[in-house]
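Asker: So you can see what is in the structure, the chains are spelled out below.
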Amino acid sequence: MLLEDPLIHVVPWVILLLPLAGFTVLALFGEWIKRDKEDAGAGYIACFTVLASFALSCWTTLRLYGLVGGPEGLRFSSPYLGFEWIEAGGFRVPMSLLVDPLSVVMILVVTGVGSLIHVYSLGYMAKDAERVSYFSYLNLFTFFMLLLVLGGSLPVLFVGWEGVGLCSYLLIGFWYKKDSASAAGMKAFVVNRIGDAGLILGMVFVFHQFGSLDLVDIATNAGALAAEPWGELGPVTIAGLLLFLGACGKSAQIPLHVWLPDAMEGPTPVSALIHAATMVTAGVYMVARLAPLYHQSETAMAVVAVVGAATALMAATIALVQTDIKRVLAYSTVSQLGYMFLACGVGAFGVAVFHLFTHAFFKALLFLGSGSVIHAMSGEQDMRKMGGLRGKIPVTFWTFAAGTLAIAGIWPFAGFFSKDEILLGAWNAHQRVLFGLGLFTALLTAFYMSRLLFMTFFGSFRGGSEAEHHVHESPLSMLGPLVILAIGSASVGFLNIPRFVAPVFRLPADHGHHVGWLPWVATLSAVAGIALAFHLYLQRTDLPGRIGTALAPLRSLFEAKYYFDHVYDGFTRRVVVGGSESFLWKWMDVGLIDGAVNGLAASWESVAEGARRAQTGFVRAYALAILGGAVAVLGYLLWS
Amino acid sequence: MDAVLFYVFAVLAVVNAVLVVAQRNPVYSAFCLIAVLCCLSAIYGLLGSPFIATLQIVVYAGAIMVLFLFVLMLLNVKREERSPGDGVRLKAAGFLLCAVLVAQAGAVLLRARPGGTGAAAYDASTRRMAEILFSPYFLYAFEATSVLILSAIVGAVVLAKKEL
Amino acid sequence: MEGLTELQVELLAATVKVLLVVGVLLGLFSGMTYVERRLLAFMQFRLGPNRTGPLGLLQPVADGIKLFFKEELMPAAANRLAFLGAPVVAIATAFMAVAVIPYGPPFEAFGRRWQIQIADLDVGLLFLFAISSLGVYGIVMAGWAANNKWSLLGGLRSAAQMFSYELSLGLSFVGVILLAGSFRIADIVDRQAGGFWNWNAIVQFPAFLVYSIAACAEVSRTPFDLPEGESELVAGFHTEYSSMRFALLQMAEYVNMITVAVLATNLFLGGWHPGVPGLPAEGIPGFVWFSAKVGLILFVFIWLRGTLPRFRYDQLMSFGWKVLIPLAVLNILATAAVVALARR
Amino acid sequence: MDAPGFLQHALLLSLLLFGIGALGVFLRRNVITIFMCVELMLNAANLAFVAFSRAHGTLDGQVLVFFVMVVAAAEAAVGLAIVIALQRHRDTLDVDAFSLMRW
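Residue numbers (the numbering used here), protein chains in the order written: chain X, 1 to 640; chain L, 1001 to 1164; chain Z, 2001 to 2344; chain E, 3001 to 3103.
Isolated chain X (complex conformation) (with noise of 0.2 Å):
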């Protein structure tokens, strides 16, 4: 009945090309658009195609509600406007689109995060000269991330990560006339490049694989493969690896997570929009959709549990020096993704995709808080200029107090239900010490998100008393997003998603039992943090400096983020480029490749030097020439 319904072969399509359709517009008729000094326009039109786009996926949400007990879901190619995209001899790529729970779960996410943060950069920017780019590039980022996680078959996948990635690229660069962002830019771009490799030649082992790139066939083919036990470097675990290292780019993970703090660099939503709801999850959903294919890797799994709770714990600490309010939220963005990874990890796949859920709606509305605060502190980002801003712009402060009490995993805040749901799936993976790491990185980050609250909206005001004059509450563009967030952060964690999206994964059914001490046990450790934070940064205000003179190394080690930005650096100054000049430029290039080209040039030269003279000029001696060769063939025919 379902499949019956001709409006639900085209709907994803018109949810793909909404925005797409915003893009062209804007992208075409910019300057036009400027025109209007006044002009909203631009911003009205993004806003509408990604509302528009929220709307029906909305509706395709409850149409599909009815099929969840299916795991197949809807694959979308012909007949309404999928085409073959590729065809090379066995090679075949529709450009088909997937519509099962767990896409739809994500396209709820791009559209309904997106809408509200196209409408927050409304007032954001509506100071900025170049609002039409910046409108479109945002609606061609929605686009690419809803082929992204819409797409059938890894190719289209694909199509959509690198697009996300081109406009990661353009929105962290945004105000390119500061040399930190474009700079940051090309370091995002650089990073994700070397991921990237990692997912093509992942994609060439599952093609070599299964024979198929498509993702049901995928899902469909690995249950029937052996299953490749811990230590064993099979097909399926490289394959995983491989592709987990693309993740690790698009995501953040050690070692290639050094690119997200320096994104900072964008605006603001665009922070909130890519670079901590939906663009860095793209790699947990990728994973997540390829579970059964993880599944038969235990190597793999370990590897990326190891990966996400080493990264949680690390950007967790970093975070705990960060004075910036936004590289604080960027470090708690790695964290919690190293978190969704644990998750994946251990095999709660569905747990991860519910973190990765409720983190869109608590992260989003931390960005765009802090960027409510920028705004109110006119550009200032320091924490240590803030303070006792709680009265001064009352919505922005409870709405953040909403966020961090999620993050922190207070109850009834969205953040309890997913981060206790991976500390069990942890616990009934037998897995201890990674288990006990999540656990000591959840009390961190309730210390250092209650920090980043206290310091800036308790306490006294530091910035000087002509900052302070200036401070004032955001427009309602602006606010009614944060708002709408904050009740979001309070209540989704209600949804049960990980049974919504369980039959995507084709997994065995999960017998891991409840365990009853467990929230307390969470909660203990969040309430333990935030009371710590309270305690130092509220009550004893000298000793967070005394503590940090004490641990010295400690703290110069998380100061310099454990010396990633060095050791990268130092890499690509002496084995790339230094190699590159002394090896392939001035002996590779210059003597060999442009010896021979040279030499190959000198010495036709020179054959040219006396070919040439038999261009005559004379018409008729060519014709002669023409005779003489007719003569030779019919000789030659002749003769033989």
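Heads up, some of the hints might be wrong.
[To be verified] Under the rule of at most 35 Å between Cα atoms (straight-line distance), these lysine-lysine pairs were calculated in the DSBU-like manner:
# : chain 1 : residue 1 : chain 2 : residue 2
1 : Z       : Lys2149   : Z       : Lys2066
2 : Z       : Lys2070   : L       : Lys1078
3 : L       : Lys1162   : Z       : Lys2149
4 : L       : Lys1161   : Z       : Lys2322
5 : L       : Lys1161   : L       : Lys1078
6 : L       : Lys1078   : L       : Lys1162
7 : L       : Lys1162   : Z       : Lys2322
[What the hints assert, rightly or not] Selected chain X positions facing chain E (Cβ under 10 Å, derived; list incomplete):
#  : residue
8  : Thr616
9  : Arg620
10 : Leu624
11 : Leu627
If you are wondering where the hints come from, they were derived from the structure by calculation, not from laboratory data. All C-beta atoms in this analysis are idealised placements derived from N, C-alpha and C, irrespective of residue type, glycine included.
Using the hints, position chains L, Z and E against chain X.
Answerer: Relative to chain X, chains L, Z and E alone:
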């Protein structure tokens, strides 16, 4: 009767062709070429292709050669001047190669078995020609010729006009 | 007729036909010169030649005698071969064209069916077109051979003019051919039987219009007589000709004019078919109808000469290329569409 | 006309005309005459087509002749326009005068 006519026209054609080449005056060459074309038209008729025979007259004699004569008169072309030792080597080489070519092809012709069946029911009427010309095999080529001719017209105008 | 082989009958009939047609045409030529001069004179309120014989009817004979006995002149710088050959080419092409045109309805005699036509070709109209395209050579040769700038200019003008108008002439045929589905002129005539509303002059009116104008230009009659425009080019391509050669060129021109008139009768005015239905077929023989129509057209030619001024050269060219040819092409498109739809 | 030798003789005639035309290209220096010699060669080829068409009893050869004629007409139009342009620029029609396109 037909055979006699064929040889008469063949000899006429060859004689006139030689005159085309041997003349120094281009206008005479043109007149001789017209004669050759008319002889060929007659031979086409004798070979049972009235359509091609007529076309030969209309297109070659009636259009192309008029154009040649027109240009010759417009430019008032004079006899070729005789200049001593002009391209003797080229001429000798050309003569030699032409002779070799004719000898080679002649050898092929003379060696070949006289095989042609000369199919009894040879219908080369205009209607038949039209049917073949407008069959799917040749239709697109036929349509393409119209484009060719149009571009030739435009090209000719652009080339020959002093200022556009 | 018994005792003769088929071939001998054919040869005999052909000879008789050729003699008949040539004789009639020569008679018509001399008659035409007289009629034209008299009619023109009347149109200009003059009398014209009326002294030689009754009503001046012997004037053509006198002209002939004069031309026969005049001295043959050839310019010293003329190209001898071409100068001598030009009138021959002109008259030969003129008479060749005549060969494929029918002059009357078929009739029965000696137990055989006869057609007043020298050669009944399958591709008759195409052949006619081919021959008429050769007609320009006589004039071009004459103009070039005399080595006289007026002659050369006349020859060039004539070549360009005939070249241009031959296109519209040929295109005007196409509609007629499409309707009849045949190149045979007799078939085309037969399609127009039954009444004047079947005549191509009505059915193919645009083609008729194009043909009339292009035919005038093709035979270089006023208002298209630029190749021999007296006031500009002395006498055009035949400036240097005299005596019998002049007569031959003149004859070729008149024969061409008659051919064009006969062709118009056949293609557009229903040939030998009476235009009025219900007339007893035996009452007036087809040949009479035919002659009457040809005579009418010839009269129109003379009438035009007496009435219209001459075109300017550039007007002539742009009219031919920019008006007549597009008109003819449009007519072909429309006709082809109608024929294709009717066949479906 | 069905004598078997006929085709051979028609082809021989074609060959002779072709040879004469080719020779003319080398003997003459006037661009227009050379052009006419090329036309002569084209006609020789046409004759061969018609003869073969007759021998095979199919009309394809004649259709080909039709296309050759069309191309020849187009070629003549453009070629003679070029000749006029040449005469206008260089005031001569001697082929050897046009040898700018050399080393």
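Asker: Any hints from earlier that this structure breaks? Give me their numbers in increasing order, please.
Answerer: The structure conflicts with no hint, since it agrees with every one listed earlier.
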